[in-house]
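J.: All chains should be built: construct the whole structure from the sequences, respecting the hints.
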Amino acid sequence: MRPWFVGFVFGLAAICAFTPAPGVAQTSATTSYAPPRTRDGHPDLQGIWQALNTAAWDVEDHHASLGVPAGRGVVEGGAIPYQPSALARKQENFAKRATLDPESRCHLPGVPRITYMPHPFQIVQQADKVSILYEYQHAVRYIYMNGNPHPRGPIEWWMGDSRGRWEGNTLVVDVIHFNDLTWFDRAGNFHSDALHVIERYTPTSPDHMLYEVTIEDPKVFTRPWKMSMSLYRRQERNSELFEYQCHAYLLEQEWNNPASTLFEKR
Amino acid sequence: MSRRVVAALTALPAVLWVLVLAPGPAAGQAFWPKETPKLPMATTWVAQKAKLPPYTPPRTPDGEPDLQGVWSGAGGDNNSVLEEHEYIDVTTPAQESFVSDPPDGKVPYTPWALAKRNEILAGLARGWPGESGQRLYTSPGSFCLTAAPVFSFDAQEIVQKPGSVIMLSDDAYRVIPTDGRPAIGQNAKFWLGNARGRWEGHTLVVEVTSLNGKGWFDSTGQFYSENTRMVERWTLVDANTIDYEVTVEDPTIYTRPWKMNFPKRRAGTGPSGAPRGISVASTLPPVDNDPYANESWETACYEGNTESLRSIHSLGYQWFTGVTPPR
Chain A
2 MRPWFVGFVF GLAAICAFTP APGVAQTSAT TSYAPPRTRD GHPDLQGIWQ ALNTAAWDVE
62 DHHASLGVPA GRGVVEGGAI PYQPSALARK QENFAKRATL DPESRCHLPG VPRITYMPHP
122 FQIVQQADKV SILYEYQHAV RYIYMNGNPH PRGPIEWWMG DSRGRWEGNT LVVDVIHFND
182 LTWFDRAGNF HSDALHVIER YTPTSPDHML YEVTIEDPKV FTRPWKMSMS LYRRQERNSE
242 LFEYQCHAYL LEQEWNNPAS TLFEKR
Chain B
40 MSRRVVAALT ALPAVLWVLV LAPGPAAGQA FWPKETPKLP MATTWVAQKA KLPPYTPPRT
100 PDGEPDLQGV WSGAGGDNNS VLEEHEYIDV TTPAQESFVS DPPDGKVPYT PWALAKRNEI
160 LAGLARGWPG ESGQRLYTSP GSFCLTAAPV FSFDAQEIVQ KPGSVIMLSD DAYRVIPTDG
220 RPAIGQNAKF WLGNARGRWE GHTLVVEVTS LNGKGWFDST GQFYSENTRM VERWTLVDAN
280 TIDYEVTVED PTIYTRPWKM NFPKRRAGTG PSGAPRGISV ASTLPPVDND PYANESWETA
340 CYEGNTESLR SIHSLGYQWF TGVTPPR
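Quick mapping for you: the protein sequence lines, in order, are chains A and B.
Take any residue in the first sequence, note its place counting from 1, add 1, and you have its number in our numbering.
Take any residue in the second sequence, note its place counting from 1, add 39, and you have its number in our numbering.
If you're looking for bench data, these hints aren't it; they were derived computationally from the structure.
Glycine included, every Cβ here is placed at the ideal spot set by N, Cα and C.
Hints are supplied without guarantee of correctness; some may be wrong.
To be clear about the criterion: a stretch of chain A counts as covered by chain B if any three or more of its residues have a C-beta under 8 Å from a C-beta of chain B, and this derived list gives those stretches [claimed, not checked]:
| hint | segment |
| --- | --- |
| 1 | 99 to 109 |
| 2 | 129 to 138 |
| 3 | 153 to 167 |
| 4 | 205 to 217 |
| 5 | 249 to 258 |
T.: Structure (structure tokens):
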């Protein structure tokens, strides 16, 4: 078993090795905002949040197409550093994305894609864990902060195993134990079961958080790389999460469709 | 696997193998010997709670009755059959009804709705009494669909925050505002409906509207409609027991409002006293001081059940889209 903090140290080193590209939002080290505190003295990140970008379609710079807005990438440095054979696979994924993207079959999108799906999520803090409740597919993540390390593997989960700690006002989440069945976006950017994700949630104002993600996967990439984006607190009075039970709608649509490929053996 | 379990498995009709072997909805499936005494549900609970002394729950720092903690589900046969029944097969032992009112324990359908219900029951094709052998619908639960009020029949952790009560399960959640905000309009319909909570004395009252009517109460086709309103009452009746009661109202398909009632026990406070079936979990030796015992780990029911979905589709079951009651 690999203690979670070992991966955290590697992740920290990876973050320090990066110089943010021009135009990327401030790093967690540069904010001076002090958020309110929960009753047990931790930064209070609770509430309803949402990303407001095009990363769910493509985390790199991309033009528009039907139904897909153009957008600047959220990958620091521009391009994802694929190994050559992995880049070929990404391009094949892209060509067949409409049917190959597991999210198009309503499978759980994994981490960090669940964060930037175009749906809100709610953060709930308790003494033993931070829970993130996602409108998309009513997904839940329990980020344990009870002193337990990652459980021993091998484990392959869609959403990985999350262990959190505070670093100043930043919630740092270490995630391992992924399967290889999720993509980072609709554009075919993928990973293996060796994926290791380190998330950093840093409040930068009462209504903004900086979300930074370090991705490590020695089977797919030549080096660790990083995404960053803003998260916005939903401002509507009486904002709430609704339901998006994706597979219910998909099954209902496809059940009586003689041309459906949903029920084919893969 | 014990010899009793192997013997029980060989008695299963073929179609049940689909449900038994699939991880996900059948995870934790128990197998029940024929001699199992009738499992308790509403009748036993109503009698037990009448004898409980008055109880004043502790309060949260915000002054609400403190319902926080991890709570068991209704137990029994995993709400396979809602009404009172005798032993059917190894997955479904004799059990009391979930229905506490009307006193006969039966869902009070209108004649039109009862005919619909019997049509669904006849088309389940499990080899159970009352079936024709033709396939019509199978339970929405088979598709890992989360629906009201079944979320409340299962285990959850209750967390209380100012202005809301949050219920967490291993693959879903409910956030129930208690701040008096209005519900969403009735043309917006959901599997879990739209919930609004308020405190009445010691009781959390949760009104659920905007239901899409596509869920079942059990696996036999006991249904509701998009006109249904459910009112749950969650009351701490001793330090380790929540009295869960839900009133179901829908004049388009029921002749009167009716109720279901059972206890939810605080996790780790000992067995409920009812006999337990034999499951894989019950044959494993307990792990002392497991540091992960209180953690809730991923279940990914839908992702793990693509094979059983394929089987159900190829067997020719139709997709249940709810009932359309006459005006």
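J.: Now tell me, hint by hint, if it's right for this structure.
T.: Okay, the hints, checked on the actual structure:
1. 99 to 109: holds (count 3)
2. 129 to 138: holds (count 3)
3. 153 to 167: holds (count 4)
4. 205 to 217: Violated: only 0 residues of the segment 205 to 217 of chain A have a Cβ under 8 Å from chain B.
5. 249 to 258: This one holds; 5 residues, not fewer than the three required, reach chain B with a Cβ under 8 Å.
Hint 4 alone, counting from the list given before, is not met by this structure.
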